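> In case you want the letters, here they are:
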Amino acid sequence: MLRVDHIWAKRGAAVALRNVSLSLSAGKTLAVVGESGAGKSTLIASILGLLRPSAGAITWDHQPVSSCRPALVMQEPRSAFNPVWPLMRAVREPVLGQEQSVTNERIARLCRGLELPMELLERRPREVSVGQVQRVGILRALIAAPPLILFDEPLSALDAVTQKHTARLIADMQQEEGFAALIVTHDLGYALAFADSIAVLKDGQIESISDPGSFVTNPGSSYCQALRDAAVALGSIEVAA
Amino acid sequence: MTLSAIGLSAMRSGRIILHPTSVEIEPGARIGLVGASGSGKSTLGHALIDALKAQGLQVAHVPQSPDEALDPLRSLAFHWHEAAQARGLADGAAHQRAIFSALKIDGGDLRKRPWGWSRGMQQRFVIAMALMGTPDLIVLDEPTSALDPVIAAATMNLLDRHLERTNTAMVLITHDLGLAARRVSHLMVMAAGRLVEEAETGKILNNPQTSEAKRLAAHRNWMEVPC
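Note that the protein sequences, when read in sequence, are chains A and B. In this text, residue positions in the first sequence follow the working numbering: the first is 1, and each later residue adds one. In this text, residue positions in the second sequence follow the working numbering: the first is 1, and each later residue adds one.
Only chain B is shown next, with the shape it has when bound in the complex (with noise of 0.2 Å):
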């Protein structure tokens, strides 16, 4: 079923941050919400979040910073178990061991609160909270943002893995044109809270035609280095 939000829209104090925005989604769709800091990115994803929800469908969201996800009284293990709940798992041990140990966050213990862990730590638990049961949606929010490289490598590429098996549609929103090319096959690029570009990835890296996509393609990487 295709994924459906129409009009998506957000104001903060009296001003507009998202202009009325439409997404429609497929399922298994991998795509990829690019922008500069405070281009709306984060706003749109929230939007379609509440909007998906609101029709009854279930969303993961894995937001930017893990303060946002997890409660600082709460242990662990409780955010673990009310997760496997909202999904209508029963206690969602046998996930939880095979993607802790993909994660190599088998060796924390869930007995503490999120601060008990380090950020990177955190960020894993999040996504592995994300990646249980299969949802309609999952959107990434800047997911290895407080990883170190070798492991958020790995992590993208385990989190490609579970979509391509479940069939999963992601939504990635990343300020890094770069790290979206090598994950999604269609690109949103967003500027001053408006959609202002959309296609397939290719093109918008080989012939972007706004200036946004096109600031975006020529910054996308560091440099090229011979294979």
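Isolated chain A, as found in the complex (with noise of 0.2 Å):
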């Protein structure tokens, strides 16, 4: 289980989170919801150890969260692979060392999952769709079966209907796999259609931790009603007649 306790830290001068705790156990997916500047990137960087917080524990089932060795899916797919490489070479880059047999057995597994076809591997990533490369980067971060996954606004530079069908495809490898996924997003019908738990980061600050029934039917502060209001006045979530 992955426990976010008591933390603060800073982003140069800036405090950038507050005393945000949160904690999410293995095979289920909460989502971190809240608008640019809410410390969301922040969170995700302390978590994987890039940024020490100046305060607080984090911790992967009592250890450091690096001993589980957290695999991350970046919001901008084609930056997030060398753009001279084959995607083949990056997707192998988390396993080196170990058979290549077995490699290729968990890689042909996966592209069935992912709905891959194998040889689009051997391209590059600008030969491929956006929405492709947003999946071999999946591929990349499910390849050494990582207990925890952090996505960071894994679905915004894809279209309506790629986001709907790559949030699909993690649920389905989620169900498969069991890893536990801490999804940071700003869309929150993608929150509420796929998370476990939903927390809404505001100024640094937890603002509210509930299931998605729990806050569809009563979302609490007026931050989170006008994240509610927002996504229903821009189609992300409709409301039943």
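Simulated from the structure, these hints should not be mistaken for lab results. Source: prediction; values computed, not measured. In this text, a Cβ means the ideal position worked out from N, Cα and C, and glycines have one as well. Do not take every clue at face value.
[Unchecked claim] Reference listing, derived: stretches of chain B covered by chain A, where coverage requires no fewer than 3 residues with Cβ under 8 Å from a Cβ of chain A:
id: 1; segment: 103–114
id: 2; segment: 138–151
id: 3; segment: 177–185
[Claimed, not checked] Computed far set for chain A versus chain B, every beta-carbon distance over 10 Å:
id: 4; residue: Arg-3
id: 5; residue: Val-130
id: 6; residue: Ile-206
Mind docking these for me? Both chains are given alone in their own frames, and the hints should help you get the complex.
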């Protein structure tokens, strides 16, 4: 289980996270929703150990998070890959040194799950569609079978139809592989449709943590209500007639 | 006056990326141009703008990225002054105060270059320029892509009110049928550089005919929630 326990973190002189606590069990999905500057990326950097919190602790099963070798799926899929390498080389990187036949078998299985033709991995990032590169990013995150995967706005570079398709594939792979998923997103509709719980981050603080059903029926704070209203106004969720 | 552009087409690297397409827009009409990435929406938007400008009409454009509208070497004050002149306005000061306040960018320093503002503020600045004066048409290409949802919703509501008050026609270009469906009365669906379906919004949502319109309609939102 991931435990973020009363952490404080700074970005330069500014306090970016204030007393943030949350937890995520194996196999579950936690969506962290909030606007730009709310502290979402700082939270991811803190969990990955790229930024040391000034106070508090972050653990995975009572050990430092690095012990579980978490994976990250980034927002801009093309910039997440070396542009001159074939995608296959990047995909194999996390499992270098492992038995090649085992790796090949796993890549083939994950490709089937992510609806990626194997031959596509011989191409470079610019030679495939952005939706396909994002699925290769997910494949690379899954290859070493980490128990925790962080998704930083994984759908924001994709068009509306591809977003829904990719979200379904992530959920299917999670069902199969059993990883815990922490998804940072500004799209409340995505969070409501796929997360087990939703944490709203505002000005570096947790505004609320609730399950999607409770969030819909009783958003709680005025900010959470504004998020829900915005999701309706932008067509991300629809109010039943 | 009905805005009309006939036989719009475009090629890139010897390949047709927009097959001959004609567009007619009634005054005050709100049209959504929807389709997947690469379907030719923005290309048709650009071709439409060029054709109408060639007819001497005033068309305001909010491109997908503020980079397409703002010169990184010029201050925002320069951009504002240039846009006001182009619309034949003295300096647009009164409009500036009101619209900047409504778009919540009144705290921004106009002496700065675009990169001195956040992407979200840049996008709202471009929208403010588009709302200056009374253009014959406003073309909005993914106008809220850099905005947080709460600000994006408020911006779209502001645009709605402005268009209604001024009876300005709008073309909203987006990959998101859910967004378009709440804002426009008429939809044009594009696929592979062609206009494949065109009808009232309700008709396409409830009874799409082509595979592309069916795909968009089936994925128009994440879920329905109780009211």
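> Taking the earlier hints as the rules, which of them does this structure contradict?
The structure conflicts with hints 1, 5, although it agrees with all the remaining ones.
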